[in-house]
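Trainee: Letter by letter, the chains look like this.
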Amino acid sequence: MTPLSALLVRDMRIGVRVGGGALMGVLFFLVVVTLTPFAIGPDLVLLKRIGPAILWLAALLASLLALDRLFAGDHDDGSLDLILMGRMPLELVVAVKGLAHWLTTGLPLVICAPLVGLLLNLDPLAEGALMLTLLVGTPALTFVGLIGAAIAVTLRRGGLLLAVIVLPLTVPILIFGVAAANAAVIGPTPFGAPFTILCALTLASLVVGPFAAAAALRQEME
Amino acid sequence: MRLVAVDMACHRGGRDVFAGVSFTVASGEALTVSGRNGAGKSSLLRMVVGLVRLAGGRLALDGGDPELSIAEQAHYLGHQDALKGSLSVAENLQFWGGFLGGSDDVAEPLEAVGLGSLAGLPAAYLSAGQRRRLSIARLLAAPRPIWLLDEPTSSLDAAAQDRLAELMRAHLSQGGLILAASHGPIGLSNSQELRLDQGAAP
Numbered sequence: 001m002t003p004l005s006a007l008l009v010r011d012m013r014i015g016v017r018v019g020g021g022a023l024m025g026v027l028f029f030l031v032v033v034t035l036t037p038f039a040i041g042p043d044l045v046l047l048k049r050i051g052p053a054i055l056w057l058a059a060l061l062a063s064l065l066a067l068d069r070l071f072a073g074d075h076d077d078g079s080l081d082l083i084l085m086g087r088m089p090l091e092l093v094v095a096v097k098g099l100a101h102w103l104t105t106g107l108p109l110v111i112c113a114p115l116v117g118l119l120l121n122l123d124p125l126a127e128g129a130l131m132l133t134l135l136v137g138t139p140a141l142t143f144v145g146l147i148g149a150a151i152a153v154t155l156r157r158g159g160l161l162l163a164v165i166v167l168p169l170t171v172p173i174l175i176f177g178v179a180a181a182n183a184a185v186i187g188p189t190p191f192g193a194p195f196t197i198l199c200a201l202t203l204a205s206l207v208v209g210p211f212a213a214a215a216a217l218r219q220e221m222e
Numbered sequence: 001m002r003l004v005a006v007d008m009a010c011h012r013g014g015r016d017v018f019a020g021v022s023f024t025v026a027s028g029e030a031l032t033v034s035g036r037n038g039a040g041k042s043s044l045l046r047m048v049v050g051l052v053r054l055a056g057g058r059l060a061l062d063g064g065d066p067e068l069s070i071a072e073q074a075h076y077l078g079h080q081d082a083l084k085g086s087l088s089v090a091e092n093l094q095f096w097g098g099f100l101g102g103s104d105d106v107a108e109p110l111e112a113v114g115l116g117s118l119a120g121l122p123a124a125y126l127s128a129g130q131r132r133r134l135s136i137a138r139l140l141a142a143p144r145p146i147w148l149l150d151e152p153t154s155s156l157d158a159a160a161q162d163r164l165a166e167l168m169r170a171h172l173s174q175g176g177l178i179l180a181a182s183h184g185p186i187g188l189s190n191s192q193e194l195r196l197d198q199g200a201a202p
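In the order they appear, the protein sequences are chains A and B. Position 120 of the first sequence, counted from 1, bears residue number 120 in my numbering, the numbering being contiguous throughout. Position 50 of the second sequence, counted from 1, bears residue number 50 in my numbering, the numbering being contiguous throughout.
Keep in mind the hints are simulated off the structure, nothing from the lab. No residue lacks a Cβ here, since even glycine has one placed at the ideal position from N, Cα and C. Some clues are possibly wrong.
Rough simulated footprint, nothing fancy, chain B against chain A, three-plus residues with beta-carbon under 8 Å [what the hints assert, rightly or not]:
#	region
1	11-22
2	78-85
Taking CB as the label site, the calculated pair distances span [what the hints assert, rightly or not]:
#	chain 1	residue 1	chain 2	residue 2	range
3	B	Ser-117	A	Val-164	20 to 30 Å
4	A	Glu-220	B	Arg-15	12 to 22 Å
5	B	Gly-13	A	Arg-157	42 to 52 Å
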């Protein structure tokens, strides 16, 4: 096994085992979306109109849930020291940890989205479009979140700080993700424009996230 | 291969921990670092692998792989075990073996530290001494010439200490070098000693 695939396998195993974040994220997502119709009432038109926004908000919060342990867990048990001593560039290590985190917490949200879309009165085409925006957008949430996770690594209760740092940075992703999903659900604006910008935001975060997070980690380990 | 430190100084938390520390360790040699609590033993080892910044002096490795840094040719056995409780003993070792550039075969290192029969057990169930032995197995799973051991015998029983001494002797005879921070003897008869007690106590 190469060093990076060993890391990917290990992080995914930790994620799906008991105490890992994968299951919690999906359950949280399902609970938030399920509660919404109860809070708003059986107004089908309203539910359809705000459905994509609710799903996106729930996905955003769910993907933040397990993020605070991403580096803090490795820092607390000394693994991070050894990872820094590895022969892999820290940026790649961070990117692989982000990938493992997305595969265990982001991807399940995308897969569940059509299921909970039914609760919000979305038709099949809208569900497909929504799923597509989540598939493209959730990696951006994870990779922007990496920066916050790296900054909060040495703090005992870093979860709160993480949310405060990361949530403002996710505003553009949320705007264009929901705009694209809304365009597909209710129109009349075109789907392409916001969706393309969402893709661009994701690509940018895939590059900026690992570099910024690696820089933060190096700074903190001094 | 020779690890040479000249005039190393350590400054942590606004305080000078030590200064003017020099030593040389060559292939096949071991150096034991001793000193009172807070003398900077752990910091010295962490400085060698770049986890603590050098406040002065320099460190060099003669005759190592020029493509790699000192840290990339060294194993660091610290106070923390770097084990994940939700992974099994074998999975923990497989990860470190793979990540640090060793082999996937974990049976042999596990046998060497006497954990072969516990390979499938989640690491959360291990005792302190067993966790320590699993960390030591990491040194065997990925061969690297420099071993930096921080209190390697802590929480090990007598039999495990003997076994560790055997592993260290085998490592030295294969041309490795060892830096160990310890309060007591670590079972190597021919090691040099570096005392960090010079200078005033705080």
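Trainee: Each hint needs a verdict: does it hold in this structure or not?
Mentor: Evaluated hints:
no.	hint	in the structure
1	11-22	holds (count 6)
2	78-85	holds (count 7)
3	B:Ser-117 x A:Val-164: 20 to 30 Å	violated (48 Å)
4	A:Glu-220 x B:Arg-15: 12 to 22 Å	holds (20 Å)
5	B:Gly-13 x A:Arg-157: 42 to 52 Å	violated (22 Å)
Hint compliance for this structure: hints 3, 5 are not met, and every other hint is.
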